[in-house]
Amino acid sequence: MLEQEIDKPTATPDYSRRDFVRASVGSGFAAAVMPVTAQTLVSTGSGGLVAGPVTIPVGSFQMPAYRAQPDKPAGKNGFPVVLVISEIFGVHEHIADLTRRLARQGYLAIAPELFIRQGDAKAAVDIPTLVRDVISKVPDAQVMADLDATAAWAAANGGDATRLAATGMCWGGRITWLYAAHNPKIEAAAAWYGRLVGEASALQPKHPIDLVGSLHAPVLGLYAEKDGGIPLDSVDKMKAALAQGSAAARKSEIVVFPGTQHGFLADYRPSFDRQAAEDAWKRMLAWFEARGVA
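Read in order, the letters of the sequence shown correspond to residues 1 to 294 in the UniProt record's numbering.
Just so you know, these hints were derived from the structure itself, not from any lab.
Virtual Cβ for every residue (Gly too), placed ideally from N, Cα, C.
No false leads were slipped in.
Between beta-carbon pairs, the in silico distance windows are: (1) S201 - R117: 15 to 23 Å; (2) P57 - D133: 22 to 30 Å; (3) T55 - Q105: 18 to 26 Å.
Derived pair list, reagent style DSSO-like, types lysine-lysine, alpha-carbon separation capped at 27 Å: (4) K185 - K251; (5) K72 - K282; (6) K185 - K72.
With these hints in hand, go ahead and build the complete structure from the sequences.
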C-alpha cells in the first residue's frame, strides 16, 4: 500500500511547517504529512550514541543516510546491523528516531534515502504529488542495489556483516520482504504493514507473495486489522503462500494487531497505537535476537 489511503494528521498549534520541513537527512517531517500530531511524538535522544547523517557510495553516486550506533567499542566483530527502510516520506525525524531506538539496543542502525535520485520525498506538498512525482518512479532493482551498498558500508564502518537484519514500514515493509529474498546474507527481517500482492510492472516486477520460494531469512510481518489498503484476505493469502515456500518462508510469521490501522507505529500520526506499537517493537527485537542478530 502507498500512503494515499492513510488519514492525514490533524492540526496542532505546537509544530509548524517551517519548524519541520528541512533539507537535512534525519530531521524534520515531510510536507505531505504536516502538521504532525505533537501530543504523541516520541523523541529518542542521541546521548551515548554516535548518530547523524552519513554518505554511502553507490558506484559514483553518493547516497545520504542516517546512522545511529552505540558510542562504545563494537567488540571483536562489530555491532549487529539493522537496515531501516523508510515509508514514502523518506528519512525524516521519525525514521531517524527509530534508528536511535535500535542503537540503544546495541545495533548499528542505518536508514538510506532510497528515493533521492527521483526527488526529495520531504518536499512534496501532498501525498498524491509525492507518489506521482517521486515514489512511482523508483525501481525495485535500484532499491536492492542501494540496500546492498548500505549493508556493505555498515560492515566497513563498525558493523558485523554476519549479523544483518532489515526492517521497514509501509513502502519499506514491502521492500523488507523483497530484500529478504534478495540478499543471501540477511539473517532476519521485520516488515511493518507492507503491501504483499500487486500487479507486475517494469519497475516492480514481483511482489512479496511472488518471492516466498526465494526468502533467505524468516520475516516477521506486523500488520493492522483495519488497514484500508492491505485487506486481511491478502494477509491470509500470504500466510498460505509462506507455508509452501522456502525453509525461511516456512519459519516466517505474520501477526495481525486487532483494532489497529495502517501506520500504528508512526507516533507522529493519528494512526499511532501505543499498545500495539510497543508490543510489535518487542516482538521485532525478540525476533532478531532469536536469529542471532543481537
